[in-house]
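These protein sequences, in sequence, are chains X and B.
Counted the way the working numbering counts, the first sequence spans residues 33 to 359.
Counted the way the working numbering counts, the second sequence spans residues 988 to 1302.
No lab work stands behind these hints: they were computed from the structure.
You may find that some hints are simply not true.
Partial list, derived from the structure: chain X residues whose beta carbon lies under 8 Å from chain B [what the hints assert, rightly or not]: (1) Ile45; (2) Ala50; (3) Pro58; (4) Ala178; (5) Leu209; (6) Ile343; (7) Leu347.
Label-pair ranges, simulated between beta-carbon atoms [unchecked claim]: (8) B:Thr1050 x X:Gly111: 51 to 57 Å; (9) X:Leu141 x B:Val1197: 14 to 20 Å; (10) B:Asp1255 x X:Gln122: 37 to 43 Å; (11) X:Gly111 x B:Ser1175: 44 to 50 Å; (12) X:Trp48 x B:Cys1198: 38 to 44 Å; (13) X:Pro133 x B:Asp1255: 22 to 28 Å; (14) B:Asp1255 x X:Leu102: 36 to 42 Å.
What you are looking at is a predicted structure, and each value in this text was computed from that prediction instead of being measured.
Glycine included, C-beta positions come from ideal geometry on N, C-alpha and C.
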Amino acid sequence: MRYVLRRLVLFMITLWVALTVNFFIPRLMPGNPAEAMMARFRGRVNPAALKALEAAFGINTQKPLLVQYLEYLGNTLTGHFGTSLTFFPQSVGTVLAQALPWTLGLVGLTTIIAFAAGTLIGLVAGWRRGGVLDSLLPPVFVITSALPFFWVGLLLVLAFSVTLSVLPNDGAFDVTLTPGFNGEFIGSVLTHAILPAVTILVISIGGWILTMRNNVVTILTDDYIKMARAKGLSNTTIMYGYAARNAILPNLAGFAMSLGFVVSGSILVEYTFNYPGIGYMLLQAVNNEDYPLMQAMFVMITVTVLVAILICDFLTVLLDPRARTEA
Amino acid sequence: MTASVNTTDAGVRPAARAKARRRGVGATLWRALRGSGKALTGAIMLVIFLVAAIFPNLFTHVTNPGARAYGLSLPPSASHLLGTTSYGQDIWAQLVWGTRQTLFVAVIAGALASVLSVLIGVAAAYLGGVADDILSLLIDVFLVIPAFPLIIVIAAYANGGNLAIIVAVLVVTGWSYGARQLRAQALSLRRRDFLESARVRGEGWFYIVVCEILPTMVSLIAANFLGAALYAVLTAAGLQFIGLGSPSSVSWGTMLHWAQSAEALQTDQAWWVVAPGLCIAALGAAFALLNYAFDEISNPALRPVHRNRRNRGGN
């Protein structure tokens, strides 16, 4: 119980820190960018958009900083992010709602596949200590997990789109099709997702394999494994019921942690493939100096990652008796 | 392992002990390089990049890699090893000169981040109590905030260009993982005999931390520095790739950005994309291999089986 409370407190504090940083970044930058921005936009932006900008930053209001800060916190927590400048007059919330399903579908699914496959391979490698798999995997995956996301994506484009012309390298579906639940459209979505998905898979699977292998290797030296062997339990029981069950726990926490990295990687992958998810939108917002959208995107990514981590923490409590009794 | 050595040498004169320990740090690092093929490969790659960063003229006669002095989009040839860009710059020369900024960012950001993680991690473990609770919470908070979106937002406000801001952000977002590992390691040391004996001798906290605790964590600190440097290389390259890097000097990430904007893949200039990415990957791999080798040293269970056996016989 104390563990759950501790994780909840951490969740609240992290969220608060992230929101506060997000509020102060524009105010801490040299040369007061808020005013510079106003100057830049005056005259070439719709008055309503200017209002959105003022609301997002609290510029031109005579209110003290603390009041602005509290208003910002209130607006953010209730989901009032204002109006997007790039996609004017759509609200920031609407833009987010359009981009989110693409990212969740692509990154979410790929992350789960990478986690499942990587954990299984790591388990087998760690179990057969000193075997071919075990001596081959670490050097290979230490290197693949250090590859730049975007470069792997570009190489895949070079191979499958430019040279072989078998897969599309751009967008989430064929723009000549009308979106809908029909075979043709779904097929188009799937073929467009292959290259970005493979990119994320190639980069992120190595981490799971290595951590799982290392966990299993460490656990196999523990006394309860020797005890299980001495009792004459079958190898399969020891491997899955004893080694895997315990080795996966730190991996679960790592899984949650690395979601942050997957989100980072997906920003680069979405940029490389012009995939219309959250990351691609964030970069569009950056290029168009759409600051309300940028701030909201950051909040959204942070909240998504934090909620995922919280879920993993609770799962750990369910699976690990030690986490229930200890701190 | 080192701990047991320290308990037995408690009676030796302090000067001799300090000398032995200084040798111990160097020996630990040297053993890491000598004993592992992964580490040796990583170290050789790193040395090549270091030479290229310090003496670019050894590798190319071009002194200004940004100059648009050659034919546009030339294929690789004897005079232009990797061809030229769509703007008439020599790609090989840009690659060689780009080593400098990429390596500089990695080393500075990696070093500062690991200093921060040593300070906070060891302080949390050594102070204990409320201080540990607060510092641990701080570590956890920084561990879970998604760094890259934050960096993008900050870089956008800072109008990209500023290298100092990028390094600062890499440090602020890159220290927490190492701090957590070092805290755990330092905690496990707290009750060891050699620290007790130092306290009984009446040594101050500074001596204990610097001369007793830190030397036993050399390989872990080295692993953390390499991990932070790897993080800096990939993150900075990612920022430069999406166009948020410093435009004033050539780096591998910026080269990729220019290549992507010029649609190099679609216009048969594959080398423009492949070469800088290969360099980022190679530098990243060098850091990652060394990092893994030092991790193996600080966690003996991870060492390859055959080598473990030999060590057991040798010791």
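>> Hint proline 58 (chain X) vs chain B: min CB-CB distance below 8 Å?
In response: Nearest chain B Cβ about 6 Å off; hint holds.
> When you take the CB atoms of leucine 141 (chain X) and valine 1197 (chain B), is the distance between them in 14 to 20 Å?
Replying inline: 49 Å, violated
> Taking the CB of threonine 1050 (chain B) and the CB of glycine 111 (chain X), does the distance hold inside 51 to 57 Å?
Replying inline: 55 Å, holds
> Lying within 37 to 43 Å: is that true of the beta-carbon distance aspartate 1255 (chain B) to glutamine 122 (chain X)?
Replying inline: 40 Å, holds
> Per the CB criterion, is alanine 50 (chain X) less than 8 Å away from chain B?
Replying inline: 5 Å, holds
> Does the hinted range 22 to 28 Å hold for proline 133 (chain X) and aspartate 1255 (chain B) at CB?
Replying inline: 36 Å Cβ-Cβ, so the 22 to 28 Å window is violated.
>> Let's test the interface hint: is any C-beta of chain B closer than 8 Å to that of isoleucine 45 (chain X)?
In response: 6 Å, holds
> Is the hint on isoleucine 343 (chain X) kept, meaning its closest Cβ partner in chain B is under 8 Å away?
Replying inline: 13 Å, violated
>> Given a hint of 44 to 50 Å, does the C-beta separation of glycine 111 (chain X) and serine 1175 (chain B) actually sit inside it?
In response: This hint holds: roughly 45 Å between Cβ atoms.
>> Given a cut of 8 Å on the nearest C-beta pair, is the interface hint for leucine 209 (chain X) held or broken against chain B?
In response: With a minimum Cβ separation of about 23 Å from chain B (threshold 8 Å), the hint on leucine 209 (chain X) is violated.
> Within 36 to 42 Å or not, the Cβ separation of aspartate 1255 (chain B) and leucine 102 (chain X)?
Replying inline: The hinted range 36 to 42 Å is violated for aspartate 1255 (chain B) and leucine 102 (chain X), with Cβ atoms some 57 Å apart.
>> Under 8 Å is the threshold here; is the Cβ of leucine 347 (chain X) close enough to any Cβ of chain B for the hint to stand?
In response: This hint is violated: leucine 347 (chain X) lies away from chain B, its Cβ roughly 16 Å from the closest one there, beyond 8 Å.
Hints 5, 6, 7, 9, 13, 14 from the earlier list are contradicted by this structure; the remaining hints agree with it.
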